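J.: Numbering (the numbering used here) for the sequence shown: 5 to 323.
Hints listed in this document are in silico derivations from the structure and should not be mistaken for laboratory results. Predicted, not measured: the structure shown is a model, and the values here were computed from it. Beta carbons are placed, not taken as given, at the ideal position from N, Cα and C, and that holds for glycine. Among the hints, a few may not be true.
As the list claims (entries may be wrong) - In silico SDA-like cross-links for lysine to any residue, where the CA-CA straight-line distance does not exceed 25 Å: (1) Lys313 with Gly67; (2) Lys205 with Gln84; (3) Lys79 with Ala93; (4) Lys313 with Met59; (5) Lys308 with Glu69; (6) Lys313 with Ser76; (7) Lys205 with Leu82; (8) Lys308 with His68; (9) Lys308 with Arg55; (10) Lys65 with Lys205; (11) Lys79 with Ser128; (12) Lys205 with Ser235.
As the list claims (entries may be wrong) - Simulated DEER-style distance windows between Cβ atoms: (13) Val215 with Glu57: 44 to 52 Å; (14) Arg269 with His53: 19 to 27 Å; (15) Ser221 with Glu69: 19 to 27 Å; (16) Lys65 with Thr217: 44 to 52 Å; (17) Phe154 with His53: 44 to 52 Å; (18) Gly171 with Asn268: 30 to 38 Å; (19) Ser128 with Val215: 34 to 42 Å; (20) Arg202 with Phe49: 20 to 28 Å; (21) Ser214 with Asp284: 21 to 29 Å; (22) Asp46 with Ser128: 37 to 45 Å.
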Amino acid sequence: MKRKLLFGLLAVVVVVSLAYLPSLQAEVPSKRVDDEGVKRDDARFEEWHQRLEEMRYVIEKEGHEFTVGHTSATKYPLEQLCTLNPELADVDDYMHEYGELRDSQWEIDYTKALPSYYIGYYTSIKNQGSCGSCWAFACVGILEGAVKKFYGGNYNFSEEYLLDCNGYGYSCSGGYFSAHNYHKYPYGARWESCYPYRGSKGTCYSSSCSVATRISSWYYISGSSSIPSTSSIKNRIYSKGSVAAAVYADYYFQAYTGGTFTRNRSGSVNHAIILVGWDDSRGAWRLKNSWGTGWGESGFMWIKYGVQKVGYGANYVNW
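Go ahead and model the full structure; you've got the sequences and the hints to work with.
T.: In structure tokens, the structure reads:
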């Protein structure tokens with residue numbers, strides 16, 4: 005009798021639970037956690053799914069050979085990631101224009117001796133997350149490359165230091181290459197281990213961290229608002245390790261997964277990246293991004309010389 009009563013009670017519990025289940029499911033938000041631990045908005049995912057179908061059609065129709073798909077960047081709005089703004093350049097940026105090798109005969113002769121394929125110096129791929137701090141990652145990245153070229157090994161300097169401590173008001177909502185000035189005396193780069201990345205602008209506490217290194221100077225190759233020649237950019241990559249530059253990033257750029265990016269559309273530059281090498285057989289730069297290894301070719305891209313205004317405001321550091 006007790007056993008029958010027990011089974012009866014269990015049956016009632018199961019029926020009630022099943023009846024209540026739909027309402028529980030309705031309360032669960034339409035988000036999942038992806039491989040990087042970031043909540044995925046299913047509505048955005050579906051929007052991108054439809055967009056990708058259209059993009060693949062255009063890519064095939066126009067005869068391009070690069071591929072697109074869901075990436076670590078497509079989970080965020082493009083305008084949230086790409087906030088580089090030349091209008092935010094420091095008023096004294098003219099002092100950093102025209103590097104010391106510009107248009108010299110030596111540079112012309114030097115270019116002729118460069119290899120057709122070259123990869124310079126860079127450190128591990130990083131991820132800016134949802135913060136529009138691409139400008140900080142570009143400035144830190146070429147400093148890391150310059151130090152690696154001299155000493156070897158990987159060095160990890162702090163982007164958060166530039167985000168928190170710059171005096172220009174640069175933030176997740178915008179910045180420019182003038183942030184290099186905070187790697188010069190009397191300032192200086194901080195170690196990532198002491199000043200870790202949070203992905204949001206906070207109170208500066210640089211005095212609690214020792215200076216890791218400083219640059220002696222930095223220069224735009226041809227100007228803060230121009231695109232240098234391919235040969236000039238090659239020279240600086242070869243001699244300095246890598247260069248920081250701007251590019252116009254659109255949806256195709258955001259969804260890039262491999263191949264040589266050859267699509268070219270007009271638009272204002274909005275994203276800071278690092279050029280770490282080239283391949284003349286492809287006619288393309290090797291581009292290092294700050295959107296994690298889930299974007300592009302493990303965080304890198306081949307991009308055709310000249311497309312999407314790549315190379316705009318190209319600059320380098322003297323370390």
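J.: Take the hints in turn and mark each one as holding or not.
T.: Hints and how they fare:
no. : hint                           : in the structure
1   : Lys313 with Gly67              : holds (20 Å)
2   : Lys205 with Gln84              : holds (14 Å)
3   : Lys79 with Ala93               : violated (29 Å)
4   : Lys313 with Met59              : holds (20 Å)
5   : Lys308 with Glu69              : holds (12 Å)
6   : Lys313 with Ser76              : holds (23 Å)
7   : Lys205 with Leu82              : holds (19 Å)
8   : Lys308 with His68              : holds (11 Å)
9   : Lys308 with Arg55              : holds (23 Å)
10  : Lys65 with Lys205              : violated (43 Å)
11  : Lys79 with Ser128              : holds (22 Å)
12  : Lys205 with Ser235             : violated (37 Å)
13  : Val215 with Glu57: 44 to 52 Å  : holds (51 Å)
14  : Arg269 with His53: 19 to 27 Å  : holds (22 Å)
15  : Ser221 with Glu69: 19 to 27 Å  : violated (40 Å)
16  : Lys65 with Thr217: 44 to 52 Å  : holds (49 Å)
17  : Phe154 with His53: 44 to 52 Å  : holds (46 Å)
18  : Gly171 with Asn268: 30 to 38 Å : holds (36 Å)
19  : Ser128 with Val215: 34 to 42 Å : violated (22 Å)
20  : Arg202 with Phe49: 20 to 28 Å  : holds (26 Å)
21  : Ser214 with Asp284: 21 to 29 Å : violated (43 Å)
22  : Asp46 with Ser128: 37 to 45 Å  : violated (31 Å)
Hints 3, 10, 12, 15, 19, 21 and 22, counting from the list given before, are not met by this structure.
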